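Using the sequences and the hints given, assemble the complete structure.
As you go down the protein sequences, you meet chains A and B in turn. The first sequence: position 42 = 41 (numbering that gives the first Met the number 0), numbered continuously. The second sequence: position 16 = 15 (numbering that gives the first Met the number 0), numbered continuously.
Source of the hints: derived by calculation from the structure; they are not laboratory data. Hints are supplied without guarantee of correctness; some may be wrong.
Put simply, identical chains are the same to the list, so a pair is met inside one copy or across any two.
[Said to hold, decoys possible] Taking lysine-lysine pairs in the DSS-like style, the calculated list, with each CA pair at most 30 Å apart, reads: (1) Lys43 - Lys197; (2) Lys23 - Lys100; (3) Lys50 - Lys197; (4) Lys23 - Lys43; (5) Lys182 - Lys197; (6) Lys50 - Lys182.
On a predicted model such as this, the values are computed, not experimentally measured, just so you know.
The primary structure of each chain is shown beneath.
There are 2 protein chains.
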Amino acid sequence: MFLFVAIACPGYVYRYFLEAHMSKADFTEHTLSSERVHEGRLLKINVDRIKLPDGSESTREYVVHPGAVAIIPILASGRVIMERQFRYPHGRDFIEFPAGKIDPGEDTLATAQRELREETGYAADDWRHLTTIHPVIAYSTERIEIYVARGLTQGERALDPGEFLEVLEVEPAEAMQWLREGKITDVKTVIGLFWLDKLIRGDWQ
Amino acid sequence: MFLFVAIACPGYVYRYFLEAHMSKADFTEHTLSSERVHEGRLLKINVDRIKLPDGSESTREYVVHPGAVAIIPILASGRVIMERQFRYPHGRDFIEFPAGKIDPGEDTLATAQRELREETGYAADDWRHLTTIHPVIAYSTERIEIYVARGLTQGERALDPGEFLEVLEVEPAEAMQWLREGKITDVKTVIGLFWLDKLIRGDWQ
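Structure below.
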């Protein structure tokens, strides 16, 4: 079973890591059937019948998401580009790094370049993939690929219809203070700032 | 309009922060109607008709979530308690801090104490609320309250039926290495570890 999973899954390196550090107990939940129960304009919901490790059956309900990217755009001054945007589910503005969903078949770097240009007008000539995060492991397939963008050149924004946002230039130290005080709470932005802090301090390369 | 929002919204301090640092442009999206379009066992989905800042109309589709807590349990040795758990939407195990959903009417500290006891068997006599994070600002009302728990005493686990997980004791420095290498990617866990790193280094109190 473990060998099968290791071969079939692109995260096989991760499986070996788990095997090296943890017990061999296999918690895999096996799919018996899968049904699309809601097909919204934005949200697609599946409910799967599954077999639990003890042989009993249960269901799992989750959002099927195409994945997203977030960008940490760093100006020559060391300031970062952030956005203020109204987020309807919370009824208020958030301070965020630029981000957006991956279009079908789109390379994630191309998504990052497109979203940065559309939302802020900036193009960048130096791109680095920093990390991958999973915001909602309990109920969504979403992953977010975080990039750092340097060598920025300003152009024209091209917001989607119905998209309203303000572009800000912020000192990383000030953004970290906002994070600490609970004024930045969006997870892709919090994690991007903590990573940036590690890079600026020279703790991580 | 701004005054109304400031009085009606518990986050009025946040509004004043935004006004001090950003333009006065108001991106508020006003609710025209709200409909429950999916009522699953786990996921409740609303679609709202809204009025955009330019007066045009659109829709917003989102998960209505009760909120959750996550706990960073720190042993006297300095090690932290983590869990290995299979997460069906991603088809693999994740390394996480203990966490769980807030029951209706439950105080968030009570949720944290209950989830820590149920999942790991530990009780703690020293609790501190660290921060609040928003994992999915685009399509879920979920927030996660992160607590640090010290003064741990081990008791019996009481897992929910169908819940399978392994409890681990991990050195924070090792967990940070796993994070850096992309082996810890769950956002509540990543953010909890970055905060813990700040506390251990004495950068933050």
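Results for each hint:
1. Lys43 - Lys197: neither (36 Å within a copy, 38 Å between copies)
2. Lys23 - Lys100: Only across copies: Lys23 and Lys100 sit 28 Å apart there, 36 Å inside one copy, limit 30 Å.
3. Lys50 - Lys197: neither (42 Å within a copy, 41 Å between copies)
4. Lys23 - Lys43: Neither. Shortest intra-copy (34 Å) and inter-copy (36 Å) distances fail the 30 Å Cα cut-off.
5. Lys182 - Lys197: both (20 Å within a copy, 17 Å between copies)
6. Lys50 - Lys182: For Lys50 and Lys182, the Cα distance is within 30 Å only across copies (26 Å; inside one copy 42 Å).
The structure fails to meet hints 1, 3 and 4 from the earlier list, while all remaining hints are met.
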